[in-house]
Amino acid sequence: MKSLHLIKPYFSENRYLIIFGLICLIAVDILQLIIPIIIKWAVDDLTLFNIDLIGLSSYALYVVGIAVMIGLFRYGWRRCLIGTSRRAEEGLRNLLFAHIQTLSASYFNRVKTGDLMAHATNDIQHVRMAIGMGMVALTDAVVLGTAAIGFMLYINKLLTLIVLIPMPFVVIGARFFSKKMHRLYGEVQKTFGDLTEAVRERFAGIRIIKAYNRERDESLKLKAISSNYIDKNLRLARITGSFFPMMLLFSNLSLAILLYLGGRQTIVLTITPGDFVAFISYIGLLTWPMMAMGWVINLIQRGRASLDRIDRILQTRPDIVDMPGAKSITGLSGNITFANVSFAYKHRNLPVLNEINITLDKGKTLGIVGPPGSGKTTLISLIPRLFDVSSGRISIDGIDIPQIRVFDLRSLISFMPQEPFLFASTIRENILFGNNKIKNSELITATKKAYLYDTIKLFHNGFETAIGEKGVILSGGQKQRIALARALLKEAPVLIFDDPISQVDLETGNDIINSIKSLAGEKTIIIVSHRLSAVRFADQIIALDKGKIVESGTHAELMEYDKYYAKTYRLQEIEEELNAH
Amino acid sequence: MRTDFGYFEEKKLGKPYDVKLLRRLYPFTWPYKIFFAGSILLVVFITLLDLSLPYVTKIAIDRYIVPQITPDKFEKRDSAQHKTGHKTGHKTRSLKADMSDPEIKTVVNNYPDLFKIDGDFAYIPFDKLSRLDKKELAVLRKADLSGITGITSIFLAIIIINFGLNFIRIMIMEYTGQKIMHDLRMRLFTHIQGLSIAFFNRNPVGRLVTRVTNDIQNMQELFTSVIAFVFKDLFLLIGIALVLLSINLRLALVSFAVLPFVVYASIHFSVRARDAFRDLRIKIAQINTRLAETIEGIKVIQLFLHEKKNYHNFARLNHENYLTGMKQVRIFAVFMPVVELLGAIALAVIIYYGGGGVIAESISLGALVAFIAYMKMFFRPIRDIAATYNIMQNAMASAERIFQILDNRESMPQPVIGPSSRFSSLEKIHEITLEDVSFGYVTDETVLKEISFKLVAGETVAVVGRTGSGKTTLINLIARFYDPVSGRITINGIDIKNYPTSVVRSKMALVMQEPFLFSGTIRDNIRQGKTDISEEMMEQVLKTSNCKTLINRLPEGIDTILSERGASISSGERQLISIARAFANNPDLIILDEATSYIDSETEHSIQEALFNLMKNRTSIIVAHRLSTARHADRIIVLHKGKIIEIGSHVELIKRKGLYFRFNQFQMSQPSTIIR
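Those protein sequence lines, which keep their order, are chains A and B. Per our numbering, the first sequence starts with residue -11, numbered consecutively. Per our numbering, the second sequence starts with residue 109, numbered consecutively.
Hints listed in this document are in silico derivations from the structure and should not be mistaken for laboratory results. Hints are all accurate, no fakes.
Covered stretches of chain B, going by a simulated chain A footprint (3 or more residues, C-beta under 8 angstroms):
#	stretch
1	228 to 238
2	294 to 300
3	415 to 428
4	455 to 462
5	474 to 481
6	610 to 618
Where a beta carbon is used, it is the ideal one built from N, C-alpha and C, also for glycine.
The following block holds chain B by itself, in its conformation from the complex (with noise of 0.2 angstroms):
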């Protein structure tokens, strides 16, 4: 069951970027364009009301709350004190105040030293404000007061629209990433579906389904989590960079002097932690390995006294974790706070610079606020930069593995018919011939040689020899599950390769030795997916295939669920439902690959009854591990290594004294022994 887990292959790991993988997964997203585009122009917006906040903090400084300088009525600037910054009081914040309105005007009087009137306007600087009592302050600055409503109503109204916004834009997303990993794993399904029954041979089941179900979801999270990082991060970086160029030019570029180093550590930081999040993911596979080998080998290890050993192995595994773990521990303690220094020293290089903007008055309070305020939204995206990277590769290792499927194109040939061919259906079957047929699975090993035998329809033939004989080849032949290496099978005289698969097998019946059911309802397992079948042929097939009996025992009758570990039926019951299946199909050729045993023994005289009902008036070809069901077919042909060495009728080859003969001689007594 390891390749349940699918870490066998983490060592081989694909580039983070590969921009020919990125074009191949482009035509998936294609018909999801106006979803994209939606999302992208919804990220645009997001961005700008992200943004828009600190900007309407500023505009509320600014304008409201320290209100800009006025010209200063107290004293005479002297620019050069001007220039060097010096503190005292040459320079004033000075409040300006409207003497048209009456009650401004009332306040301005109570106070006539401390205010400088000069026309329609009163002056008092910002420190003498607080002798003022508040009353007065409010009715001095009530349209500051109201300004600060309005724009509070702004503030409001933006970060409701942004969280409708951004819900909005998170479904989009999730709705399109589920949505194309729906359809490239549907693609990917059918295709793996189509291949040929060799690809499935050498391919376990379990690294199968790992691509279908986990490295899909491996590409969900590139679309979910990197999309949304490149869209929305990307556009706030850059966003925000342009916000702080377009409020001040030169304090942003001094403060974008960091920008380097901002670089320069997260490039060096991803690299290493791509490295320790790769080490760490091998060595947890490596655990897992090593859990699973034990637990699969428990037996051994405890007749052989080995666990002591193991664990001494296993701890040492497990402390190499730790160690790596501890070394990713490392990098992000070194990172995390490099990063905040960065983030610190812009911080520092805004107060430094920025401070001496607002004393020379090139830059408002406001602005600086706003800049503050900015650059710790700018140092947010850079600290997930490396669980982004890491993401993204896994999603590129997952890609290039699902893509590595979707290109082999080993499936059965088809022939290009139109449906007017006479190869599109196929009206009975009259005759199967082999012809000169011979086949192996791997070049230079021959598993069946040069079988030639003509199958006439209405007629059983057995094929009886030992294991390895070749006999289940043989009837993977004539399923067309492989084509063979040389010679050729014909159906009433035409090459099966002229029919597509679907039309030849439309004609056949398979009962494998191990039944094979999906889950479902017994029904759906006999329907097989006709919906065509009337409730009177079902009750026929149920009868002639011997399943009236188990039907009956079950409270749910025929729509039983049968599951993995759910409905308690044997495996001869299972078989009895595989052979109802076969019944349901109607099918001209039954093949059957007899069962060698059955746990229970109750069944199995059912079972050779409802095969033998399966089998009457129809063609069938049998791999017989009992000589019982070989004496009741019309012939015989027994295989040894992969040739025919006799075929005939059994009293023809009793007759001829040759190897059937002999397996016949130690088995009168007891007809139902098996060979083996």
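Next up, chain A with everything else stripped away, as it sits in the complex (with noise of 0.2 angstroms):
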């Protein structure tokens, strides 16, 4: 179990709490061992007469003290080992939140978000059981049995090896049964997956569904995988089913034996009739233990799956990681180049970007344009490194940006996203962004850079107001030009938009273009559009085509040399022209 460090720490960290829950169980386990004892002495002595109301008032008295005492003790083993378990439970998800947050993007391009929350809930929560429960039942089932078993052995040694004779078979069958439900259980979850998949895809699919009158012949197919889906869930039933009445079978052949042979060593006087009551009650006692040790084994050893999952995640290395010997480098002023830079992404071989060289000064612009998929956005997700070129070298201020730390060279940058991710909370949150330290003034300079401050005054609640997932109540444009304002507002040397204006209305769109404009000269600025009035203004134009740079040069020359640029530029004009209509 390699991966038991994890939870090392939250071991040690509650030992004390632990190991008073332990002692609390054990009291437990042993006080209820006395009720069966105090039964015994009742018993016997109602056989013989040789009892009075007083005499069974104390032991009826007996019997609530120790249940009280149970009680105490069974609400301080709850509290301290349950407790601890939730306690591990929160640690871990910490861990993997924090870790999950370091990992690169390339990662989660391969990792299915689905996945990922399956190990965060699911995967947390066996190990939770496996600690929490797993100590109780183990605890449980060690003491509880042997205690009883080692009374047992004191009224009837004979007695007590014949009556056990079942019990094993029930650690066995309990042993047995939860390997076999768990590959079933597998294949439920399995069928259930194909389900889910089937319907989703129907849905998905509606469209086509409808148009080629699919209707019954879906329905049909659904209903095939449904009925396979019914017949996985029985054939786990048929071992469910069995499971708890074949336990139940065993507990009761022991007491059947016991009715037996205990039976008649209390009629020729061997046991008394209270040894044999009391070996009623241990026998009841018993079979919670032993069905617990099967359970508990299945448990622990699930938690340890889900355990050496959670393990592997961690092990993850993000590939984007300060290199050995990056420096701490601020104050850096922003010129950046490309050097022959090439990037495919991994288990892809199609290169995404081929050969791509640029050198852009400090303080200037550079527009980039190009038909959809020609590695746009790729292109600028390599210069703060959210993917490392696979040949070639960018370098800013001739520091080649491996050779910065991640934090650096991150910090030297606000980059506007293609698609505006916006946080569930407000939206003064959500354009501050963690930088509490910008005074409101700055805020709202800000907000009317990226002509949304007029918006947010319409707001009810201004910039306290919650959009909502991902920005539900928000319009397209509205949720571009927080994102706008978000990354106007960090101060950083470079500023890089990915399409700025693609969900606001031409006015707005030439408005924040001018905003964007008035930055040009004091920081260097990366602006991709498919609007190419937009990048009008650059001191550079790039065109892309397929990964590759086509065109190149400032809107004069480009609009000269009449080819992609030129021609889109001028449709776009007569379109823009119609639009003003």
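Work from the hints to combine the two standalone chains into their complex.
Here it is, written out as structure tokens:
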């Protein structure tokens, strides 16, 4: 168990709690065993009429007294042991979360969100169960089991041994069945996955289904999948359905043996009637630890498997890390150079970028245009090292970017991604984005520059408006302007905008471009845009096609060149003119 | 993808018991009434068997192990003393021996001082039995010994039958539950499938999938766990109560004195436990949301160096989850011991009061032991009550959401027609006419304004215009995914609303921008359930749709299974298969939403060719993104802001020097340039 080191800290951190909890648990177990003894005394006395009401009331009081103690101790172990497992759950989840945040963008291209979610919830819960219930059930099984058997042995050795014959079968049975159950449960889960996928596919393709009159056939297909799911469930039910009755059967078999042999021994006075009754109680007590034995082993195994899975994620090293010898460098001014940069996504052979060379001096503006899929977004993602280049080098002020610590590199750059990702909090928090030192006046200036201020004023709660998951209450243009304000507020020498005005109307778009333009000269700016008027003012414009730079120059030069840029520009001009009507 | 987890609605939960919902579930259970009746019958039997076990033990004790008190032959009893129940030798339990048996007589004669003989019977006090040796005892009590053998056989028979019946009951319950859920799932799926496209636009796929899968699963729990609980445990509780009352009315009533406390504790607890369960679920949902948000927004987080802040937010949420969890732990830590304590009090009452009864000879020793055993059985179901309550509530919330969808009647209105009606089939589409058609997805927002044009058989019409001009909406109306808000669409002069949608669509084929293929073989995807396609026809379809190269490349050929991440075929190749699918349908009208771009340009040419083959001798309406496509059309419709601003052939429109002309001006040299 390599991954055990993950939960060790929680054991040592809470060791006093755990010890106290275990003492409570053992106390509960022992006290529980005393009650059958009291019952035995009472029965024996009653058999011989050797007792009066006062004697009986003292027995009754013992029972209540012990029950009260059991109650207190039980509260104690539940709080301490289960509480510790909750603590470990919290800690593990924090650990996992912190780690996931360090992983690079390419990791998330490979791993499905759903899987990660499953690790953070299900797997961690499995670990919690294994820790909490595992500890309890194990202690219970050992203490209660040995003590009950001990008491029984004390009463009558031979009878105990014979009566206990079915008990190992309970343990073996529980092990065997729960293994089988686990496997079948896996199959049920798999078919459930199939079912989910089948339903998803049909709803996603509903237009085709309707267009081709496929409704009935699709229903039939789903029916078959659903029936398969039922079959798998019934197979599982055959096991679970026989498991618990069988466990009951085994413990009842012990009772039957007791009834026969114990009854006979009582008749010939080898044991007293009280002993006989106490045996009945002990067998009742033993059933649970025996079943728990089988159950707890599975619980722990499941927890261990989950812990291993979590550990595997934690072992994943982020692709983008500080290179050995990377320096903390601040105060760079923002001269960006691409030298023969090529890039291909891992596990895919097609190069996305091919031999890119760019020199962008501090304070200059670069415009990037090109058809969809030509590599524009990939190109700008390389600068803050969301991905690392496959070959060639990118440098800032002559320093290769891997030589700069990631934190410092990203501090240099204010980046507005294509997808304006907003978080489910207020507008203010989304713009400030943790940058709490910003003054209110600065916030207002930034929102004004992003042409967002007037919109915010229209909201009832202004900056404090909660925008819902991913900003559901906002329009595409509003979301984009929030992302823009966020980028404008970040104090950085390099500004990168990925299609900043795709969602806003023409007029607002022009205003926003003017805002960006006002920063030119002071900051190094890179703008990717499908609306070519947005890059017109740039000192240098490049057009990408299939990962290569096909055109490069100023607006005037490219218009002269009369290729992609010029044609698209004129086309858009007509459209804009038309839309202005 | 967050909708896949279906947790965003967690805040809204229904009441645990909603009679209306239960009544609506009732029709689904009706076909399985025999199974229900059977399992209820089984539950009754099983409960009786469960209850009989302690009773059998009681009989064994009373009849054989510790015999009933026989009239005291040693000392005269004083009734006053008896009442106060002094312990001494005033009262003794004696064993009665039948002297007619010669063996027993021998034993009795061996100990004349211990036995008191009264006619045919000899009596010996219990505490003196130990003076006899084991063999003699066995002889003396041989009737008891053989009685034990008999009663053990009964006990064994009961436990084996109990095992069998339990297994059968569980299987029946599971089968019935699964079957009902299957029916409900199919009903829900068919219902959703029949709803209009407008419904699908409003409801994300993930949410709908959750309804059909997870919500139904929750209901399954209701059937297997809750109904099993209600029937089994409730029967057991009532059964135990009845048995206790019949064994000894007074003792039963006295021990029931704890019941009001148990009921109070259970109600109090289940309410608090429910709240704790619910809080915990909401917290987990929030954790999931935050996690999903972080994963999806990881780029922004990393670019803005927001990791630390984000971690603190998460840690705070996670700690809240911990605190809520601890609250639940505390609630359970109180409830479980309280229930146990109440059980122990009941036991104490039985010992004191029942023991008194034994002394007073109003209760047998066996009855007392049975009482103790029954009380233990009594408290078991009570401990599970909170979990059951929670499952119940979950199921009810799911049921509510399921019925909400089933109540949605938003499907395309279908005409009521008989099989002989002239609208029950459509021979051929001769012409399609749009008359003043206006449409908007939401009120106040018109996407199409007073569109009128006629599409004649054999004609190819291209629709051009920039994004958002209403091109896709136009073809959605022709495929009758929506009905116009005003105006009408006619086929051969008859309003398409007069035909069932299936009749209209059987004459059309839709080729979408994003080719949507189902997982399954290529053959199934092309055939679309039409089994009457012969091999030769299929061959023809593959040839004309340019799929031959693809099929030959794949080792499994046409029977290659397409899956989400399976066979490696490109998006262009997927488009070819979707064109083959349209071919196989042999439609009169082709509705084509041209793709803006294909990732692999190699296939682009073969797609163009396949489309050309498809449209040959057919009527087609194309949403064109390439001017080259538009140029080959017989007529071109130029849409702008939902209105037709130009209509005519390529030559006519070029002459007109309008918008289309100006589009073309810049694209002469690059005919495949995309209009964006």
